[in-house]
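Asks: Letter by letter, the chains look like this.
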Amino acid sequence: MATVRTLFDEELRELQQQLLLMGTLVDSAIEKAVDCLKRLDETGAREVMANDVVINQKRLEIEDRVVQIMATQQPMASDLRLLIAVLRIVVDLERMGDHAEGIGKIVLLHGQQPLVKPLIDIPRMSIKAREMLHGALEAFSRRDVDASLRIAMDDDEVDALHDQIFHELLVYMLRDPSTIERASYLMWASHNLERIADRATNICEQTIYLVTGKMEEINISKY
Amino acid sequence: MRNARYTKANMMGEEIRPIMVTVRESEETLEAPSAPAVTVEHLNAYYGTFRALNDVSLEIRARSVTAVIGPSGCGKSTLVRCINRMHEVAPGASASGRVLVSGEDIYAPDSDPVQVRRHIGMVFQKPNPFPMMSVWQNVVAGLRLEGISDKKRLEEVAERSLRKAALWDEVKDKLHMSGAALSGGQQQRLCIARAIAMEPEVLLMDEPCSALDPVATIKIEDLIRELRESFTIIIVTHNMQQAARVSDRTAFMLMDEERAGQLIEYGSTAQIFTNPQDKRTEGYITGRFG
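One line per chain: the protein sequences are A and B, in this order. Counted the way the working numbering counts, the first sequence spans residues 1 to 223. Counted the way the working numbering counts, the second sequence spans residues 1 to 290.
For the record, the hints were derived by calculation from the structure and aren't laboratory data. Beta carbons: idealized from backbone N, C-alpha and C, even for Gly. Check the hints yourself; a few may be wrong.
Stated by the list, open to error - Subject to a maximum C-alpha distance of 20 Å in a straight line, what follows is the list of computed DMTMM-like cross-link-like pairs (lysine to aspartate or glutamate):
#1 Lys214(A) to Asp256(B)
#2 Lys279(B) to Asp9(A)
#3 Lys279(B) to Glu181(A)
To be verified - Derived DEER-like restraints, expressed as beta-carbon distance ranges:
#4 Asp256(B) to Arg88(A): 52 to 60 Å
#5 Thr49(B) to Glu61(A): 54 to 62 Å
#6 Arg142(A) to Gly73(B): 31 to 39 Å
#7 Asp278(B) to Leu20(A): 54 to 62 Å
#8 Leu60(A) to Lys172(B): 20 to 28 Å
#9 Pro214(B) to Ala50(A): 46 to 54 Å
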């Protein structure tokens, strides 16, 4: 079966490269945001927030590219599904970027008052959510349905960590009302990470759509 | 029960009413699929000793548009030509298998090809109005051959057919002009009007837009969508976007190792163009081969 659409194939490859690049930008934003929270680094947090513009811009660029390809190449079947999947994934990635930005904002709100507790589970959650993001994008590149299903299941771990953090912080707040403000900031940070993991699950769903043509929700998140 | 619509005895007899009216009307209200309008069973077609179709079987739904797509030489045209027994007109051509139209085998020994073609209209790639006839004469040519001469009736049928073919407004003041004086797109719609004047059970279209400009093409495509309310349409097209736009179901054909046409995949148009199940269909419709 000879390939007769060299230019088109090249365009699709380039588009997926751009998608992975956007994924890397989002991943760095999450990593940096959580790191800034741990160290209460307000300068770094401002950088994370400023960088979100770059991520948003990337989304628009990729969407433009998809529209151009659709208009000029009349994609069909798996090509069409790939473009649809890319359109959906950039929305998820862009929102993950917003959640990283949200954590940046929390750092600024928190300011230089001491953390109510040293951060252990939030960084752990961040690592898990980022693993899901890496895995989801890798599985997308490889068109790997099994891996996508496995990665989506990891969302339960992130949910469990979020539960644990929530309850722990609740105990702090009950014990000492002066921690309420700072503890609720951390709750929001945890919430942002929980949402990031959900968005990674969405990417897994797009891989399954791309391969099978079926759009199904894998597991309905607890949140 | 055979109702012998295509037998010779019927040729000179009573006016043949369009049948299946009741069945077709009930289809609108009932969700359940009705009996297929055309059933092709183990159809093999030959040009001399060369086999052009290899064991093709499919069912065509009534009052829907079915597109047949595939690369050049895959047997699409041969398939539709077998559905109104036009195939055998070529020297040395023959076919085996069964083709049931509304349950009746058009290849039965007592079936008359002329009657078959009367019930199963065909529109060709190049518009072919009868050049020596006016627009009006073109539309009613078939009815006149049937022996219908009542002028009022012919006028009614001509107007109705031209309206259905979305041509009436453009030609109502030039009905007595030569059909050949119309534009290409108008000529093709005239040929469609001529075919539907006969109230065919099935309308076959073999690349009906490939000789037309984009605007005329869109007009024909819109017309096909409208005609499916009244007719069962089978369209052969090289233009996959066209198949995707106008059809309800799509059949994909390909040559086998001996260059005989085979049916590879047949399904709803939405499924074929978004999620084909056969790798060869995928390859063809994404433009990777063929």
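Asks: If a hint holds in the structure, say so; if it does not, say that too.
Replies: Structure-based check of each hint:
| no. | hint | in the structure |
| --- | --- | --- |
| 1 | Lys214(A) to Asp256(B) | violated, 30 Å |
| 2 | Lys279(B) to Asp9(A) | holds, 17 Å |
| 3 | Lys279(B) to Glu181(A) | violated, 59 Å |
| 4 | Asp256(B) to Arg88(A): 52 to 60 Å | violated, 39 Å |
| 5 | Thr49(B) to Glu61(A): 54 to 62 Å | holds, 59 Å |
| 6 | Arg142(A) to Gly73(B): 31 to 39 Å | holds, 37 Å |
| 7 | Asp278(B) to Leu20(A): 54 to 62 Å | violated, 30 Å |
| 8 | Leu60(A) to Lys172(B): 20 to 28 Å | violated, 52 Å |
| 9 | Pro214(B) to Ala50(A): 46 to 54 Å | holds, 48 Å |
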